[in-house]
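Asker: Here is what each chain is made of, one letter per residue.
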Amino acid sequence: MSATAPILQMDSITKEFPGVKALADVSLSVGIDEIHAICGENGAGKSTLMKVLSGVYPYGSYSGTITYRGEEVRFKDIRASEAAGIVIIHQELALIPELSITENIFLGNEPTTRFGSIDWKGAQREARELLARVGLDEDPDTLIKDIGVGKQQLVEIAKALSKRVKLLILDEPTAALNESDSQHLLDLLRGLKGKGVSSIIISHKLNEIEQVADSITIIRDGRAIETLNVVRDGVNEDRIIRGMVGRSLQSRFPDRVPEIGEVFFEVNGWTVQHPVSAERMVCKNESFTVRRGEIVGLAGLVGAGRTELAMSLFGRSYGAYRSGTIVKDGKQVQLRTVHEAIDNGLAYVSEDRKALGLNLLDDIKRSIVSAKPERISRANVVDEYREHDVAEEYRRKLRIKTASVESGVDTLSGGNQQKVVLAKWMFTEPDLLILDEPTRGIDVGAKFEIYGIIQELAAQGKGIVLISSELPELLGLSDRIYTIFEGAITGEYSAATATPEALMKSMTSSAQKVTAA
Amino acid sequence: MSGISDLKKIFGTGNTSKLRQFGILFSLILIVALFQWLTGGLTLSSTNLIAVVSQYSYILILAIGMVMVIIAGHIDLSVGSVAAITGVVVARAMAEFNLPWPLAIVFGIVVGAAIGAGQGFWVAYVGVPAFIVTLAGMMLFRGGQVFIGNGNTVPVPDGFRAIGSGFLPEVGPETGYNNLTLLIGLIAIVTIIWRELRSRAVQRQMGSEIAPAWVAGIRVALLVGIVVVATLLFAGGRVGTSFPISGLILVVLVIVYSFITRRTVFGRHVYAVGGNSRAAELSGVNSKRINFFVMMNMSILAALAGMIYVARAGASGPNDGTGWELDAIASVFIGGAAVAGGVGTVIGSIIGGLVMAFLNNGLQLMGAGADTVQIVKGLVLLVAVAIDVYNKKQNRFSIIGIFTSKRGGNASVAATTPTSGAAPSATASAETGAPAKD
Ligand SMILES: Nc1ncnc2c1ncn2[C@@H]1O[C@H](COP(=O)(O)OP(=O)(O)OP(=O)(O)O)[C@@H](O)[C@H]1O
Ligand SMILES: [Mg+2]
Chain E
1 MSATAPILQM
11 DSITKEFPGV
21 KALADVSLSV
31 GIDEIHAICG
41 ENGAGKSTLM
51 KVLSGVYPYG
61 SYSGTITYRG
71 EEVRFKDIRA
81 SEAAGIVIIH
91 QELALIPELS
101 ITENIFLGNE
111 PTTRFGSIDW
121 KGAQREAREL
131 LARVGLDEDP
141 DTLIKDIGVG
151 KQQLVEIAKA
161 LSKRVKLLIL
171 DEPTAALNES
181 DSQHLLDLLR
191 GLKGKGVSSI
201 IISHKLNEIE
211 QVADSITIIR
221 DGRAIETLNV
231 VRDGVNEDRI
241 IRGMVGRSLQ
251 SRFPDRVPEI
261 GEVFFEVNGW
271 TVQHPVSAER
281 MVCKNESFTV
291 RRGEIVGLAG
301 LVGAGRTELA
311 MSLFGRSYGA
321 YRSGTIVKDG
331 KQVQLRTVHE
341 AIDNGLAYVS
351 EDRKALGLNL
361 LDDIKRSIVS
371 AKPERISRAN
381 VVDEYREHDV
391 AEEYRRKLRI
401 KTASVESGVD
411 TLSGGNQQKV
421 VLAKWMFTEP
431 DLLILDEPTR
441 GIDVGAKFEI
451 YGIIQELAAQ
461 GKGIVLISSE
471 LPELLGLSDR
481 IYTIFEGAIT
491 GEYSAATATP
501 EALMKSMTSS
511 AQKVTAA
Chain Z
1 MSGISDLKKI
11 FGTGNTSKLR
21 QFGILFSLIL
31 IVALFQWLTG
41 GLTLSSTNLI
51 AVVSQYSYIL
61 ILAIGMVMVI
71 IAGHIDLSVG
81 SVAAITGVVV
91 ARAMAEFNLP
101 WPLAIVFGIV
111 VGAAIGAGQG
121 FWVAYVGVPA
131 FIVTLAGMML
141 FRGGQVFIGN
151 GNTVPVPDGF
161 RAIGSGFLPE
171 VGPETGYNNL
181 TLLIGLIAIV
191 TIIWRELRSR
201 AVQRQMGSEI
211 APAWVAGIRV
221 ALLVGIVVVA
231 TLLFAGGRVG
241 TSFPISGLIL
251 VVLVIVYSFI
261 TRRTVFGRHV
271 YAVGGNSRAA
281 ELSGVNSKRI
291 NFFVMMNMSI
301 LAALAGMIYV
311 ARAGASGPND
321 GTGWELDAIA
331 SVFIGGAAVA
341 GGVGTVIGSI
351 IGGLVMAFLN
361 NGLQLMGAGA
371 DTVQIVKGLV
381 LLVAVAIDVY
391 NKKQNRFSII
401 GIFTSKRGGN
411 ASVAATTPTS
421 GAAPSATASA
431 ETGAPAKD
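If you're matching them up, the sequences are chains E and Z in order. Per UniProt numbering, residue 1 is the first one in the first sequence, and the count goes up by one each step. Per UniProt numbering, residue 1 is the first one in the second sequence, and the count goes up by one each step.
Careful, some of the hints might be misleading.
A few chain E positions that, by computed beta-carbon distances, are all more than 12 angstroms from chain Z [claimed, not checked]: (1) Ala341; (2) Arg353; (3) Arg366; (4) Lys372; (5) Phe448.
Below, in silico cross-link-like pairs of lysine-lysine (DSS-like), each with a Cα-Cα straight-line distance of 27 angstroms or less [said to hold, decoys possible]: (6) E:Lys354 - Z:Lys288; (7) E:Lys447 - E:Lys397; (8) E:Lys372 - Z:Lys377.
Rather than coming from a laboratory, the hints here were simulated on the basis of the structure. Remember, predicted model here, so these are calculated numbers, not experimental data. All residues carry an ideal CB built from backbone N, CA and C; glycine is no exception.
Using the sequences and the hints given, assemble the complete structure.
Answerer: Here it is in structure tokens:
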């Protein structure tokens with residue numbers, strides 16, 4: 001802080017929720033032209049700190065002071081902080097799918113003509129410039145729903161730029177992005193840094209942090225533990241982990257000796273039509289098998305049709321079924337509804353926990369039993385004491401950080417919500433567990449635990465289908481990997497033959513079909 | 001132990017929704033006390049209490065169904081018309097076909113179920129918004145009522161009138177009170193005490209947090225006090241009167257539906273569908289079926305309410321049930337339900353309905369006209385929901401929150417001191433204002 005004054009200085013911030021002290025006396029200093037990372041376990045208080053900074057929690061609801069560009073600021077809402085040039089991009093993107101890129105960028109901030117009507121020409125011109133600045137090559141008239149998440153993220157940043165942002169806050173911006181989109185985003189942040197935009201980035205992808213951050217503040221249990229200068233302190237991933245969890249993590253994946261049984265789940269010729277366009281097939285004649293005790297990875301780029309495959313298998317929850325059969329335990333089964341799928345021992349952990357995984361109005365214990373309340377009911381009456389016991393058991397097993405299982409799931413941090421979703425599906429005691437991005441938004445320590453749980457479930461003889469956009473995760477866990485490209489299975493690799501290069505090749509073209517040895 | 005947070009537990013431990021419910025209960029008590037004072041003690045007289053119960057029981061019955069509809073994310077505007085058409089159909093069936101009254105009640109329920117199934121079908125399986133379906137139903141069944149009744153009043157026989165204006169019989173020794181009402185009060189008191197003891201025993205066994213004994217004591221004393229006073233008032237009215245039979249029907253329905261919504265799988269599914277229907281479907285909930293049954297159930301309860309009203313009035317008339325849907329909906333929202341669905345309780349809605357009932361009644365006792373009553377009711381609805389909305393943002397400015405979180409914070413989280421294996425070789429240590437030590 002000696003040479004140049006920091007752009008932001010937060011001092012002794014304390015923020016409490018009923019029964020939880022989310023932040024205890026946290027201080028944070030961000031320099032001009034700096035990318036400052038905040039790391040910490042799930043529920044450490046990272047998002048809360050950023051919500052304090054951006055006025056989501058207004059002045060008066062926390063204690064401590066915020067000094068921004070040399071002056072103390074007291075934001076009463078987000079608009080106030082945006083007016084000052086602080087823009088937060090939440091993990092759940094706030095774009096409106098039915099509107100165009102231009103309309104989204106200028107939503108609530110529309111440029112007007114002399115007559116008071118919206119100046120669409122000017123807006124479009126400016127949108128084009130902004131898109132060029134963030135390196136997004138799209139027509140500004142394109143609707144948001146027609147571009148992928150990675151590009152949507154860039155639109156968010158363009159929107160921030162249109163507000164003359166000086167301090168950009170990104171809460172887990174790359175959680176839903178694939179490798180190359182993430183890379184593009186990080187490059188963009190580095191570029192903006194030279195142009196007077198400082199950033200604060202929260203992420204559980206520590207390799208990215210190591211790459212892009214100038215300094216790192218580590219938060220643990222609501223306290224700032226330390227601030228590291230990446231270059232000076234020679235920070236690497238292990239060093240960050242040590243700060244976050246208080247010890248080193250020996251390896252990223254628990255040891256496991258797979259015990260693989262016979263094939264018990266078989267999909268043949270699975271063909272599913274896109275929900276609206278009748279000619280488009282989202283699954284094209286896909287066939288695959290899962291053995292007992294086996295972890296089967298599904299690799300593919302975002303949009304390749306992995307989620308669509310999983311959801312259409314799970315009670316035809318996506319698209320329109322065209323043809324194909326499912327054989328489980330040697331018998332052909334019809335899974336026309338989710339209920340039938342659950343009854344036949346399937347479970348699907350969605351990649352989108354807020355929209356598809358949870359009822360955010362519900363409390364933790366009810367959420368955990370919600371996919372199979374029958375298990376703790378007699379004559380359709382829920383035994384609330386057993387429900388409580390079950391919830392406590394999973395809270396312990398998955399180390400869900402909460403004051404009580406009676407609390408609402410909306411009071412949990414993102415990572416802990418994900419654990420509740422996992423608990424919900426583990427509670428159904430499935431034979432085949434389909435996990436769609438199960439560690440999205442989960443911290444390194446918890447990832448290790450969840451990997452352990454996945455392996456344990458496999459060891460109990462269940463089949464696991466793992467969808468993940470993180471190749472290291474797929475490679476580290478899977479016994480066998482299928483690659484999917486544009487709705488078709490393009491390759492099958494055993495753990496021994498799977499390499500990142502080989503997978504990438506099959507994930508990006510259907511040129512030659514690879515089969516496992 | 002901070003007194004305030006313990007005191008809070010009088011209204012139940014756990015989530016904030018219970019607390020919110022208490023807020024409504026508190027407003028009810030305030031309103032009753034206010035009118036008791038303004039009317040010089042008329043409000044809490046035996047005669048008046050009995051009148052309030054028999055006058056509003058049908059609105060409260062509607063509120064039970066309505067809260068489920070609203071939790072599931074819908075609305076039902078047709079309840080007044082459904083009540084009215086059931087009333088006239090049943091009245092004519094008794095008048096013209098000499099249908100015995102017990103069968104007539106069953107017949108009325110069947111009519112309600114049929115209407116409800118129809119509306120439920122459009123909402124659940126065709127996907128027409130409930131607002132539209134029931135708006136259509138509102139007009140359709142109002143017209144149907146006038147058509148069937150020829151716009152005239154149709155009287156109902158005496159036996160049938162019992163469900164609307166009947167009282168419990170006088171039995172047993174001469175006590176100066178209605179003995180059966182006393183018995184019901186006694187059962188209520190025993191139940192309250194038994195439930196408290198049982199829940200404490202279970203909590204102890206599960207090792208979960210238990211409110212201090214004095215808190216439980218106050219809670220039980222308060223509830224028992226209210227029950228005792230109410231029992232004596234209801235039992236001590238004019239000879240031949242008692243707790244009304246329509247009130248009894250209401251109480252039974254409240255107990256049954258509270259149980260259904262809170263404890264059964266079906267009830268859970270109603271909340272799930274209203275909270276996030278996509279997530280509910282992906283958890284195996286058949287949301288169509290839930291929507292269908294919720295709409296159908298509403299019409300059944302509306303049919304029951306219509307019959308009770310006709311029984312009380314002694315005849316079915318063309319204006320029966322006008323505006324009931326609005327009172328029922330208002331009760332539910334005063335009772336803490338959310339417009340977007342997923343939130344609400346049967347008990348809350350009943351308390352909300354009682355707020356409306358006592359407002360109506362108190363103002364009438366004071367001689368206010370229908371205009372004033374409408375204005376006040378409108379304002380109360382607006383203010384009640386505004387307070388609720390404000391409270392939901394309580395993360396921001398909650399007085400109670402400030403008191404309790406201070407305590408929780410010092411005790412729990414702050415105790416974990418950083419035992420980092422990492423020597424803080426950090427340059428700019430961010431811990432500028434770190435406290436000495438906890
Ligand atoms: N509205 C709320 N009410 C009560 N507690 C809350 C609320 N919001 C957050 N918390 C609690 O505050 C703590 C910090 O949460 P926060 O969301 O800041 O964590 P985080 O570091 O962002 O975690 P993650 O990496 O999982 O996103 C958690 O224990 C959480 O349960
Ligand atoms: Mg977070």
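Asker: Indicate, hint by hint, whether the structure satisfies it.
Answerer: Structure-based check of each hint:
1. For Ala341 (chain E), the non-interface assignment is contradicted: its Cβ lies about 8 angstroms from the closest Cβ of chain Z, within the 12 angstroms cut-off.
2. Remark: the non-interface label on Arg353 (chain E) conflicts with the geometry, its nearest Cβ contact in chain Z lying 9 angstroms away (cut-off 12 angstroms).
3. Non-interface call for Arg366 (chain E) relative to chain Z: violated, since the shortest CB-CB distance, roughly 7 angstroms, does not exceed 12 angstroms.
4. Here Lys372 (chain E) does not stay apart from chain Z, with its beta-carbon only about 8 angstroms from theirs, under the 12 angstroms limit.
5. The non-interface label for Phe448 (chain E) is consistent with chain Z: the shortest C-beta to C-beta separation is roughly 16 angstroms, beyond 12 angstroms.
6. Our distance criterion of 27 angstroms between C-alpha atoms is met by Lys354 (chain E) and Lys288 (chain Z), whose separation comes to about 22 angstroms.
7. Restraint check: the Cα-Cα separation between Lys447 (chain E) and Lys397 (chain E) comes to about 14 angstroms, which is no more than 27 angstroms; the hinted pair holds.
8. With a C-alpha separation of about 43 angstroms, the suggested pair Lys372 (chain E) and Lys377 (chain Z) falls outside the 27 angstroms cut-off, and the hint is violated.
Comparing the model with each numbered hint stated earlier shows that hints 1, 2, 3, 4, 8 do not hold.
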